[in-house]
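Construct all of the structure, not just a fragment, from the sequences and the given hints.
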Amino acid sequence: SQKIEQNSEALNIQEGKTATLTCNYINYSPAYLQWYRQDPGRGPVFLLLIRENEKEKRKERLKVTFDTTLKQSLFHITASQPADSATYLCAGSRAGNNRKLIWGLGTSLAVNP
Amino acid sequence: ETGVTQSPTHLIKTRGQQVTLRCSSQSGHNTVSWYQQALGQGPQFIFQYYREEENGRGNFPPRFSGLQFPNYSSELNVNALELDDSALYLCASSLEQAGTEAFFGQGTRLTVV
Numbered sequence: 001s002q003k004i005e006q007n008s009e010a011l012n013i014q015e016g017k018t019a020t021l022t023c024n025y026i027n028y029s030p031a032y033l034q035w036y037r038q039d040p041g042r043g044p045v046f047l048l049l050i051r052e053n054e055k056e057k058r059k060e061r062l063k064v065t066f067d068t069t070l071k072q073s074l075f076h077i078t079a080s081q082p083a084d085s086a087t088y089l090c091a092g093s094r095a096g097n098n099r100k101l102i103w104g105l106g107t108s109l110a111v112n113p
Numbered sequence: 114e115t116g117v118t119q120s121p122t123h124l125i126k127t128r129g130q131q132v133t134l135r136c137s138s139q140s141g142h143n144t145v146s147w148y149q150q151a152l153g154q155g156p157q158f159i160f161q162y163y164r165e166e167e168n169g170r171g172n173f174p175p176r177f178s179g180l181q182f183p184n185y186s187s188e189l190n191v192n193a194l195e196l197d198d199s200a201l202y203l204c205a206s207s208l209e210q211a212g213t214e215a216f217f218g219q220g221t222r223l224t225v226v
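Protein chains in written order, with the working numbering: chain A, 1 to 113; chain B, 114 to 226.
No lab work stands behind these hints, which were simulated from the structure alone. Please note: incorrect hints may appear among the correct ones.
Covered stretches of chain B (in silico footprint by chain A; criterion: 3 or more residues with CB under 8 Å from a CB of chain A, positions within the stretch not fixed) [as the list claims (entries may be wrong)]:
no.: 1; stretch: 156–170
no.: 2; stretch: 212–218
A few chain A positions that, by computed beta-carbon distances, are all more than 10 Å from chain B [unchecked claim]:
no.: 3; residue: Asn24
no.: 4; residue: Ile26
no.: 5; residue: Leu49
no.: 6; residue: Glu56
no.: 7; residue: Leu74
no.: 8; residue: Thr78
no.: 9; residue: Val111
no.: 10; residue: Pro113
Built from N, CA and C at the ideal position, the CB exists for glycine as well.
Right, here's the structure in full:
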């Protein structure tokens, strides 16, 4: 079945370091991958979208990559801050069809001061 | 704030009862999607509405139904509530084109006892 997999283990890093989160897609060829941030009890907040023909996208301290060979997207937060602590979700969708985003379970990030 | 509002924010219902959750989409967005998110899980797609018609459905039984109104606001109805229906219910509005980001409301926390 189609699946988006994210590392279920929480990621703990020191403030100022770069956090790298992984999203793998299985039995699936998304045309778009999206990354969202979710705080406890709140809805996800959109961060970045990358298309399959884009290798890399940046927004301020955030960078996302899309590797169709490895079937993987990496999400980087540089110069991390305690305020970046949250769960980060990856979601994929196909071209020509926005009906269904397939979501990963999310990776919890804790940035320690 | 995303401009997507959901009501109520919290709700407690008894098994077997029926519930209606409401969502006002962001201005200009004609597509609304509903998701169920259990604790520690990623969002699970329930269905999507585009211009008042159901436009895709996930693996949820028929007792989950919905409506979209001419102003693009939406309702999610769940009949014959079961304990496993306890979850955070998220509404997301978007444009219908593929690869556009979804804007989520804060969610409705439903507890079935």
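- Message: Just want to verify: A/Thr78 was marked as not at the interface with chain B; is every Cβ pair farther apart than 10 Å?
- Response: holds (22 Å)
- Task: Would you check chain A against the stretch 156–170 of chain B, counting CB to CB pairs closer than 8 Å, and say if three or more residues qualify?
- Result: holds (count 6)
- Could you let me know if the closest chain B CB is still more than 10 Å away from the CB of A/Asn24? holds (14 Å)
- Item | Closest CB of chain B to the CB of A/Pro113 still more than 10 Å away | holds (25 Å)
- Test the statement that A/Glu56 is away from the interface with chain B: the closest C-beta pair must be farther apart than 10 Å. holds (17 Å)
- Query: Does A/Val111 really sit off the interface, with its C-beta more than 10 Å from all C-beta atoms of chain B?
  - Reply: The claim holds: A/Val111 sits with its nearest Cβ about 20 Å from chain B, beyond 10 Å.
- Message: Verify this label for me: A/Leu49 is non-interface relative to chain B, using a Cβ-Cβ cutoff of 10 Å.
- Response: Check fails; 6 Å does not lie beyond 10 Å.
- Assertion that A/Ile26 lies outside the chain B interface [Cβ separation over 10 Å]: holds (14 Å)
- Counting residues of the stretch 212–218 of chain B with a beta carbon closer than 8 Å to any beta carbon of chain A, are there 3 or more? Result for this restraint: holds, n = 7.
- Task: Check the non-interface label on A/Leu74: least C-beta distance to chain B beyond 10 Å or not.
- Result: holds (18 Å)
Hint 5 alone, counting from the list given before, is not met by this structure.
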